[in-house]
Amino acid sequence: MHKEPLIRVAKRDGMPLYQNILIRAVAIVLAMLLVVLFVHFTAGISAGTTISYMWEGVFGNSIYLRDTVFYTAKLLCIAVALAPAFKMRFWNCGAEGQVLAGGLATAVVMVYCGNLPAPLLYLVMFISALALAAIWGILPAVFKAKMGVNETLFTLMMNYVAIKLVDFFYNKWKGSASSLGKLNKGTKAGYLPDLFGSENSWLLLAVVILTIAVYFYLSKTKHGYEIAVVGESQRTAEYAGINVKTVTIRTMMISGIICGICGFMTVAGHDHSISSSTTAGGYGFTAIIVAWLAKFNTGFMVLISLFVIFLERGTSHIADKCSGFDASASKIVIGLVLFFVIGSEFFINYKINLRSKHDKEVA
Amino acid sequence: MATLIGWIVRAVVFGSVVMYGAMGEILTEKAGHLNLGTPGIMCTGGAFGFAAAYAYENAVDNPNFLVCILVAVGTAFLAGALAGLIYCFLTATLLVNQNVVGLTLTIFGVGVGKFFGTYVIPEGAVSTKAVFANKVFIAKIPGLSGLGIVGELLFSYGFMIYLAIVLAIVVHLFLSRTRVGLNLRAVGENPATADAAGINVTKYKYCAIMIGSGITGLGGVLYVLDYGNGTWATASGDAIEALAWLSVALVIFVRWNTLRAIWGSYLFGLCYWAYNYVPTLIGVNVSTELAQMLPYIVTIVILILGCTHMKQENQGPAYLGQSYFREDR
Numbered sequence: 084m085h086k087e088p089l090i091r092v093a094k095r096d097g098m099p100l101y102q103n104i105l106i107r108a109v110a111i112v113l114a115m116l117l118v119v120l121f122v123h124f125t126a127g128i129s130a131g132t133t134i135s136y137m138w139e140g141v142f143g144n145s146i147y148l149r150d151t152v153f154y155t156a157k158l159l160c161i162a163v164a165l166a167p168a169f170k171m172r173f174w175n176c177g178a179e180g181q182v183l184a185g186g187l188a189t190a191v192v193m194v195y196c197g198n199l200p201a202p203l204l205y206l207v208m209f210i211s212a213l214a215l216a217a218i219w220g221i222l223p224a225v226f227k228a229k230m231g232v233n234e235t236l237f238t239l240m241m242n243y244v245a246i247k248l249v250d251f252f253y254n255k256w257k258g259s260a261s262s263l264g265k266l267n268k269g270t271k272a273g274y275l276p277d278l279f280g281s282e283n284s285w286l287l288l289a290v291v292i293l294t295i296a297v298y299f300y301l302s303k304t305k306h307g308y309e310i311a312v313v314g315e316s317q318r319t320a321e322y323a324g325i326n327v328k329t330v331t332i333r334t335m336m337i338s339g340i341i342c343g344i345c346g347f348m349t350v351a352g353h354d355h356s357i358s359s360s361t362t363a364g365g366y367g368f369t370a371i372i373v374a375w376l377a378k379f380n381t382g383f384m385v386l387i388s389l390f391v392i393f394l395e396r397g398t399s400h401i402a403d404k405c406s407g408f409d410a411s412a413s414k415i416v417i418g419l420v421l422f423f424v425i426g427s428e429f430f431i432n433y434k435i436n437l438r439s440k441h442d443k444e445v446a
Numbered sequence: 011m012a013t014l015i016g017w018i019v020r021a022v023v024f025g026s027v028v029m030y031g032a033m034g035e036i037l038t039e040k041a042g043h044l045n046l047g048t049p050g051i052m053c054t055g056g057a058f059g060f061a062a063a064y065a066y067e068n069a070v071d072n073p074n075f076l077v078c079i080l081v082a083v084g085t086a087f088l089a090g091a092l093a094g095l096i097y098c099f100l101t102a103t104l105l106v107n108q109n110v111v112g113l114t115l116t117i118f119g120v121g122v123g124k125f126f127g128t129y130v131i132p133e134g135a136v137s138t139k140a141v142f143a144n145k146v147f148i149a150k151i152p153g154l155s156g157l158g159i160v161g162e163l164l165f166s167y168g169f170m171i172y173l174a175i176v177l178a179i180v181v182h183l184f185l186s187r188t189r190v191g192l193n194l195r196a197v198g199e200n201p202a203t204a205d206a207a208g209i210n211v212t213k214y215k216y217c218a219i220m221i222g223s224g225i226t227g228l229g230g231v232l233y234v235l236d237y238g239n240g241t242w243a244t245a246s247g248d249a250i251e252a253l254a255w256l257s258v259a260l261v262i263f264v265r266w267n268t269l270r271a272i273w274g275s276y277l278f279g280l281c282y283w284a285y286n287y288v289p290t291l292i293g294v295n296v297s298t299e300l301a302q303m304l305p306y307i308v309t310i311v312i313l314i315l316g317c318t319h320m321k322q323e324n325q326g327p328a329y330l331g332q333s334y335f336r337e338d339r
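Heads up: the sequence lines are chains A and B, in that order. My numbering numbers the first residue of the first sequence as 84 and each following residue consecutively. My numbering numbers the first residue of the second sequence as 11 and each following residue consecutively.
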């Protein structure tokens, strides 16, 4: 006799917005409970202290706040860069490499063309950053479009090509010193001047413009529409007369260029240095998760980026306050929370039906 | 000659770490799951495997050779398998996107490895060493390793290196010659058809991914206790992460065949360590970073060639990267 399974999963057709928000809120609350427990058992501080330390490390004073704004802007910039590619269902896992490529080109121009007059120097830095990052984005796209090469793995490998290339210049420039330090220490050639009293403003300004621009590009332009159609079905796109290859390559070029802007702003406007571990700092990978969670909506990306940075900077601050509590805990905290938020997608897309009494009687 | 031998020996040990990761990833991918969490899994395995061995030898007066192996390898396997369980639950049961879950697992796993690894390190220091476990893991084959060049090339490694080769053969035979292996491949090629044929898709996925992740975890413990001279440092986590991406690359390089992974991984090792030995060998200076870039570039080339020149059987599983929801048919 066949028995209905205890749990039956069915796809949902849709869900009211409040329910969607509720599910995510529950996921975040559960995750934060786990985080608080984790911190309690490892650092030995109470839930209240944990949250207040986190809050302090993120918004506590103007220095912390400035860092929070900068890193949120950086993460958001990369997530925004990924949005067009993801909407096209092109798995650009190479943002880390594309940011590094942009940063590296900037640094190379800073070091070797430092004696150019300032406006021209900035221009050359900017253009070469965009160009190199675009190449990093276009290369996988060309092979995907022409030959169907798997873009996930291609872009992943390109990350490490960029990382090793950056390491190459890093070690070359640092010589026998223990670390590279700032580039052009004496001349400060290529350092972006302050804008509205802070050099961070450049990235912030760029991100605000890009976030709005990409939003409109994806939702209101012909290009954006083409990207959506290619993402839904390549065949449909071909029948509709859309040149899939052109769209693929063009979209990845845009993705690469925006990553390049991020790399440029980081190196010229903030770090004044380059390193494979901090210039992109793993944000290229985190941004993939941010962009995916936001479902290509750049507005949601702002919120999610801020939340991720809150977790990261907040946990680092706990590590500063409590000795013996390592800063790498921020990775655990981000991972934990993201697992819950990602997992909650299931309850948004699927419905769970438990076996009812009625079914039992029928069986 | 000594340089050449030194190079090969180093490459083999390095390659074996990559090989463990690749074997785990191949098993996972054969079930149709692209696990980008490999670096996280390897890091977790390495950290806990090391911590267990370290705790064991410090707790016992006369640590036993065999128990040390069991403790280290067992813990690493278990830690890896548990990390794999998180991935598997989210992707196979909750049907969430595999790339996203994998990348999150990498962030999480590297964090877990580094965080709990630091507990072992005494306060103020940046590293600590498991002396006895290191001895166990690099113990050469007595007698045979003394046979001149042959002895050094073939018999001078720790047991994990030979275990890797045995595992590669076993996994290959399992996938190509057994009914269960055939079923597993069917799950990766077309889960709907496999399901219709009466194969329990979910069970196969859980088993393949968890065992695969456990094997990946072994790579981590090999890294710390043999390749890394038994030392766990605050930077070990990041080093394992960078190395584990090579495992993901190796899977493509060897076209999902664990037998090819044996020489493929050693070749990666030779590329990676070229900078240290080639200068003295032929007098040409090789840039460290550019030589280390080589494995990644070769993988890209193979990836491209794979789409134009390779036979069907050399392609990856058809359903790789896609979730399987039964009612989607």
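Certain hints may be false.
[Said to hold, decoys possible] Here are the simulated lysine to aspartate or glutamate pairs, EDC-like style, with alpha carbons at most 20 Å apart: (1) A:LYS257 - B:GLU299; (2) A:LYS434 - B:ASP338; (3) A:LYS404 - B:GLU133; (4) A:LYS255 - B:GLU299.
Don't read these hints as lab results, they were simulated from the structure. The structure presented is a predicted model; accordingly, all values stated were derived computationally and were not measured.
Going through the hints against the structure:
Annotation: proposed proximity of LYS257 of chain A to GLU299 of chain B holds, straight-line Cα distance about 14 Å (limit 20 Å). Straight-line distance between C-alpha atoms of LYS434 of chain A and ASP338 of chain B comes to about 14 Å, which keeps the hinted pair within the 20 Å bound. Straight-line distance between C-alpha atoms of LYS404 of chain A and GLU133 of chain B comes to about 16 Å, which keeps the hinted pair within the 20 Å bound. Among the hinted pairs, LYS255 of chain A with GLU299 of chain B is consistent with the structure: their alpha-carbon atoms are about 10 Å apart, no more than 20 Å.
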